[in-house]
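These protein sequence lines are chains F and R, in that order. Residue numbering for the first sequence follows the working numbering, beginning at 1 and increasing consecutively. Residue numbering for the second sequence follows the working numbering, beginning at 1 and increasing consecutively.
Everything labelled a hint here was simulated from the structure, so no lab data went into it. Among these hints, one or two may not hold up.
Since the list gives no way to pick out one identical chain from another, each pair is judged satisfied if it fits inside one copy or across any two copies.
As the list claims (entries may be wrong) - Only pairs whose alpha carbons sit at most 20 Å apart, straight line, appear in this in silico EDC-like list of lysine to aspartate or glutamate: (1) Lys45 / Glu57; (2) Lys329 / Glu252; (3) Lys147 / Glu304; (4) Lys143 / Asp203; (5) Lys121 / Asp261; (6) Lys87 / Glu252; (7) Lys299 / Asp203; (8) Lys179 / Asp199; (9) Lys270 / Asp104; (10) Lys34 / Asp116; (11) Lys219 / Glu61; (12) Lys119 / Glu182; (13) Lys3 / Asp261; (14) Lys51 / Glu333; (15) Lys59 / Asp224; (16) Lys142 / Asp29; (17) Lys49 / Glu31; (18) Lys143 / Glu252; (19) Lys121 / Glu252; (20) Lys21 / Glu279.
2 protein chains.
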Amino acid sequence: MRKPRIAILGATGVVGREITKITNELGIDYESIKFLSSARSAGSKIAFKGKEYTVEEAKPEVFDNIDIVMASAGASTSKLFAPEIVKRGGLIIDNSSAFRMENDVPLVIAGVNDEDLRKHKGIIANPNCSTSQLMLVLEPLKKFGIKRLIVSTYQAVSGAGLAAINELKDDTVANLENKFFENKCFKKPISFNVIPQIDVFCDNGYTKEEMKVVNETRKILHLDENTLISCTAARVPVFNGHSEAVDIEFAEKITPEMARDILKNAYGVKVIDNPENYEYPTTRDASGVDPVFVGRIRKNLAFENGISLWCVADNLRIGAALNTVRICKRVIEMELY
Amino acid sequence: MRKPRIAILGATGVVGREITKITNELGIDYESIKFLSSARSAGSKIAFKGKEYTVEEAKPEVFDNIDIVMASAGASTSKLFAPEIVKRGGLIIDNSSAFRMENDVPLVIAGVNDEDLRKHKGIIANPNCSTSQLMLVLEPLKKFGIKRLIVSTYQAVSGAGLAAINELKDDTVANLENKFFENKCFKKPISFNVIPQIDVFCDNGYTKEEMKVVNETRKILHLDENTLISCTAARVPVFNGHSEAVDIEFAEKITPEMARDILKNAYGVKVIDNPENYEYPTTRDASGVDPVFVGRIRKNLAFENGISLWCVADNLRIGAALNTVRICKRVIEMELY
Numbered sequence: 001m002r003k004p005r006i007a008i009l010g011a012t013g014v015v016g017r018e019i020t021k022i023t024n025e026l027g028i029d030y031e032s033i034k035f036l037s038s039a040r041s042a043g044s045k046i047a048f049k050g051k052e053y054t055v056e057e058a059k060p061e062v063f064d065n066i067d068i069v070m071a072s073a074g075a076s077t078s079k080l081f082a083p084e085i086v087k088r089g090g091l092i093i094d095n096s097s098a099f100r101m102e103n104d105v106p107l108v109i110a111g112v113n114d115e116d117l118r119k120h121k122g123i124i125a126n127p128n129c130s131t132s133q134l135m136l137v138l139e140p141l142k143k144f145g146i147k148r149l150i151v152s153t154y155q156a157v158s159g160a161g162l163a164a165i166n167e168l169k170d171d172t173v174a175n176l177e178n179k180f181f182e183n184k185c186f187k188k189p190i191s192f193n194v195i196p197q198i199d200v201f202c203d204n205g206y207t208k209e210e211m212k213v214v215n216e217t218r219k220i221l222h223l224d225e226n227t228l229i230s231c232t233a234a235r236v237p238v239f240n241g242h243s244e245a246v247d248i249e250f251a252e253k254i255t256p257e258m259a260r261d262i263l264k265n266a267y268g269v270k271v272i273d274n275p276e277n278y279e280y281p282t283t284r285d286a287s288g289v290d291p292v293f294v295g296r297i298r299k300n301l302a303f304e305n306g307i308s309l310w311c312v313a314d315n316l317r318i319g320a321a322l323n324t325v326r327i328c329k330r331v332i333e334m335e336l337y
Numbered sequence: 001m002r003k004p005r006i007a008i009l010g011a012t013g014v015v016g017r018e019i020t021k022i023t024n025e026l027g028i029d030y031e032s033i034k035f036l037s038s039a040r041s042a043g044s045k046i047a048f049k050g051k052e053y054t055v056e057e058a059k060p061e062v063f064d065n066i067d068i069v070m071a072s073a074g075a076s077t078s079k080l081f082a083p084e085i086v087k088r089g090g091l092i093i094d095n096s097s098a099f100r101m102e103n104d105v106p107l108v109i110a111g112v113n114d115e116d117l118r119k120h121k122g123i124i125a126n127p128n129c130s131t132s133q134l135m136l137v138l139e140p141l142k143k144f145g146i147k148r149l150i151v152s153t154y155q156a157v158s159g160a161g162l163a164a165i166n167e168l169k170d171d172t173v174a175n176l177e178n179k180f181f182e183n184k185c186f187k188k189p190i191s192f193n194v195i196p197q198i199d200v201f202c203d204n205g206y207t208k209e210e211m212k213v214v215n216e217t218r219k220i221l222h223l224d225e226n227t228l229i230s231c232t233a234a235r236v237p238v239f240n241g242h243s244e245a246v247d248i249e250f251a252e253k254i255t256p257e258m259a260r261d262i263l264k265n266a267y268g269v270k271v272i273d274n275p276e277n278y279e280y281p282t283t284r285d286a287s288g289v290d291p292v293f294v295g296r297i298r299k300n301l302a303f304e305n306g307i308s309l310w311c312v313a314d315n316l317r318i319g320a321a322l323n324t325v326r327i328c329k330r331v332i333e334m335e336l337y
């Protein structure tokens with residue numbers, strides 16, 4: 001099979017830049033590569049593997065002769081271009097929420113449900129960041145039967161983009177200097193605060209972010225209605241790296257020691273769990289690296305066969321860019337483009 | 001009954017200062033008042049109700065002729081002086097963890113279990129901050145039968161004292177300037193980070209802070225072993241105000257509307273819950289004021305009769321100083337000194 005002709009859509013955004021970097025790190029082999037953005041960022045330069053590329057404006061015709069598009073440009077852009085890409089015989093690996101819950105779109109975490117990739121019809125979706133890190137942790141424990149899952153997230157601002165990162169910085173400086181600051185990205189001040197809202201609210205009182213954890217987890221792990229899932233998603237003043245307090249009830253007996261041993265050997269997971277020596281993961285450990293870190297593995301005190309754990313990962317990498325490029329790599333290996 | 005002779009022990013600390021302020025705000029009527037500290041801070045001046053007081057060093061004999069001591073000076077100081085206070089016929093309202101779980105020591109949240117005050121034998125304990133705010137929310141819902149309670153906390157640094165507040169500030173500035181900072185109060189960097197440890201670890205893998213939520217909740221609400229409680233306590237880079245994601249399973253049917261109506265009329269609670277208008281509590285709303293704020297009241301998706309909610313309060317006030325002074329006020333009204 002010939003090497004793929006690749007495009008990165010949304011190349012100038014936070015996640016797009018990570019995709020570009022990781023495409024190099026994972027040694028993706030391609031025939032050609034191009035970088036696409038909105039009209040506003042088109043014309044800017046990207047240095048990649050010793051060559052300089054000019055970012056092109058995304059229009060239907062730029063997808064002629066492209067095999068794989070790695071996209072991180074928001075749901076409306078994906079909705080606009082996905083049909084154009086598919087029509088031209090290309091495959092889009094999409095970071096947005098646009099197609100995740102559609103029946104004929106595989107929603108994939110590489111290393112968790114790779115076989116679902118075979119069912120693609122031109123669109124493969126990348127799960128939401130807060131779901132993604134959890135999947136690598138839950139998949140190896142799934143065999144004990146997940147009855148209930150309760151997740152409380154502590155999410156970094158980087159998931160909301162470059163403007164949000166700058167807003168946390170600027171708001172923090174203003175706060176320390178007792179100056180007024182008007183928040184734009186966030187609905188409430190983000191510096192030294194916790195905001196119990198990520199994305200907009202649904203009719204059931206949950207945010208879209210929370211319902212993504214509920215629905216995407218079910219789809220990726222092929223869980224039926226017997227598994228009950230609830231989530232609270234909160235934004236914390238952290239630049240990068242999501243943390244999650246996870247409480248799981250299993251159908252079968254499982255001890256913290258069993259869970260720890262399984263996770264120590266799990267794909268994409270690194271266990272840091274010697275609390276007596278202050279060894280547990282924090283976002284500072286996770287930012288900029290690939291593993292999903294797990295610690296504080298202990299018996300949950302409210303469930304009979306329960307495990308509680310603390311899970312931390314770089315939301316821009318495993319939650320978005322890393323998984324996108326890992327999927328791209330799998331697609332190439334499995335010859336699915 | 002004559003007015004009480006009052007002492008504030010630990011008067012120069014973060015919580016002691018709040019106790020002093022709130023003693024004035026709640027109009028506590030006294031015959032005399034004095035301010036006590038360790039030898040290090042003794043001699044400093046405190047302005048109170050237009051008078052200047054000199055802080056005295058705490059020694060057994062300063063508790064002669066004192067009726068009520070409001071203490072926030074740490075567990076070892078409380079253990080040292082409580083017997084001396086009781087021996088002299090005084091009553092100590094103690095903020096530390098020293099006596100909370102002792103059988104003959106009432107553990108009280110004013111407005112929740114005031115009747116327990118009648119059982120005191122010279123020592124009344126004030127619950128831990130993360131438990132305190134939760135009690136005012138759970139007490140009015142208790143009649144539906146609490147089967148399971150899962151709490152994830154987002155705790156401010158102020159609970160760890162003045163040095164911790166300064167450390168968050170200094171670490172934040174250093175981080176923004178890309179300078180090295182050595183943390184002392186916290187075991188990990190606190191700026192732009194989340195630390196899943198508060199207090200030391202117990203043998204079961206939980207921190208003392210987490211087990212306080214489990215055990216103190218049971219004692220205050222008089223819950224038996226049929227109520228299962230689990231907790232994850234994490235420190236977030238917030239100066240003041242604890243947030244909690246709370247998931248509750250009830251024995252009886254309860255809807256979010258029912259819970260919202262009950263909490264709207266509950267003592268010490270303020271409901272802010274119009275998420276469609278971005279109305280929900282954040283720590284910025286809670287800092288410096290009395291109520292426990294509740295929002296995001298919704299059906300928990302993992303429990304049949306389940307409610308999830310978001311609860312925010314000023315941990316220095318309701319979690320420590322406010323409840324101490326409220327207990328003092330009840331003790332005076334109930335003539336229990």
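Numbered hints the structure breaks, given as an ascending list:
2, 4, 5, 6, 8, 9, 10, 11, 12, 13, 14, 15, 16, 19 and 20
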